[in-house]
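**Q** Sequences are here, hints too, so could you generate the full structure?
Protein chains in written order, with my numbering: chain A, 1 to 189; chain B, 1 to 182.
Keep in mind that the hints are not guaranteed to be accurate.
As the list claims (entries may be wrong) - Here are the simulated lysine-lysine pairs, DSBU-like style, with alpha carbons at most 35 Å apart:
1. Lys-82/B <-> Lys-177/B
2. Lys-177/B <-> Lys-8/A
3. Lys-140/B <-> Lys-82/B
4. Lys-8/A <-> Lys-35/B
5. Lys-177/B <-> Lys-35/B
6. Lys-82/B <-> Lys-35/B
By construction, these hints were calculated from the structure, which means they are not laboratory data.
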Amino acid sequence: MGIPTLIKTLPASGSTELAFVDGAASVTFDSTYDEYMFVFTDIHPENDSVYFEFQVNSTNDAGGDYDTSLITSTHVTAEHEEDNSGTPFVDVWTAGDLAQSANDQRLTDTVGNGSDESCAGIMHLFSPSSTTYIKHFYARVQQYHAGNRSICSHVAGYINDASYAIDEIQFKFSGGNIDDGVIQMYGIA
Amino acid sequence: MAMTLITTNTDTPGSATDSAFTSGIDNTYKLYIFKWYDVNPGTDDVNFTFNGSTDSGSSYNVTKATTHWSAYHAEDDGYAGKGYGASQDLSDSDDGTAFQPITGGIANDADASSAGELFLFNPSNTTYVKHFYYTANSYKNDSASANTFTGGYFNTTSAIDAIVFRFTSGDFTGTIKMYGVG
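**A** Below you can see the structure in the form of structure tokens.
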């Protein structure tokens, strides 16, 4: 991995979403870097049992509602109950993947909103400024599940929009605000 | 600020059995990355493990809830597969304060070793549990490649201020580096 350069830190405080938009608020999200890395720390939801997720806008939907970019992805989870009940497992989680869908991409299963509960992880997005190829991403996110379970998600896929650059990305929960936490955006040359 | 090398621990034959990081884990960085290279145990068929501390390394016994799975393939093509490692995960009610196995049964052949990286998120916060995950690849004592994946959290609201790596038995050689990001 190249040395990451910190581009922007967005703290959450009752935020409906955290978005990084090229050219806004000192965000660089263009061909300057081959890879962008988003680090999520102590992401804590207002609501209990909600998914942490993302979507993007391409340049042909600038300022859009993050609902037009088609994603195809895989999502694998490893799960283990705190009280060791049930059988721990690793498996494909089909409710967390997408197939040519403009829905939000889930980065976690349902996160708890208990006072000490949160999720954390890293997402990599490759060559978002390309106007030739689809845009690949992968993420690994560790969470405190609403059912008092440790879950580690491995998510990977691509944004099936070869002709247009991606220069806006939004992170949010499936319901309620992001009450606490920080997302940092890095560029890797 | 971006990614900064904080500490390098180099273990040599006959040196201490622990590779401990007891300073520099604080609120300076949001993310700490530990990378280990050419870690070779002095004893055959032992697990490489780690644990955290809330008292600057006086004790390493923080409760954890973790998952562990792996993909593996023998050099002679005798076996290959993937699966969940229920004997190598931890939970609050199942030996949660024990050391977390990174890879089991590593060989101590002259050319055998393990390499990998551990990500620890915001260990100094005193509100939330402390999430971590790692990926490692190891040379097993039955001459197989094992790629292991663990995620979990230190189930405490106390700050984690020290991390230690050790094998289940004996000393080891190798280098472990700690970086700060953010």
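**Q** Take the C-alpha atoms of Lys-82/B and Lys-177/B, compute the straight-line distance between them, and say whether it is at most 35 Å.
**A** Since the Cα atoms of Lys-82/B and Lys-177/B sit roughly 29 Å apart, the hinted pair holds (cutoff 35 Å).
**Q** Could you grab the alpha-carbon distance between Lys-140/B and Lys-82/B and see if it respects the 35 Å cut-off?
**A** 15 Å, holds
**Q** Is Lys-8/A close enough to Lys-35/B, meaning Cα to Cα at most 35 Å?
**A** Holds, at roughly 25 Å.
**Q** Checking one constraint from the list: CA of Lys-177/B to CA of Lys-35/B, max 35 Å. Satisfied?
**A** Distance ~5 Å between Lys-177/B and Lys-35/B Cα, so the pair holds.
**Q** Can the restraint linking Lys-177/B and Lys-8/A be considered satisfied, given a maximum Cα separation of 35 Å?
**A** Within the cut-off at roughly 26 Å; holds.
**Q** CA of Lys-82/B to CA of Lys-35/B, is that 35 Å or under?
**A** Judged against 35 Å, a Cα distance of about 24 Å means the pair holds.
Violated hints are absent here; each numbered hint is respected by the structure.
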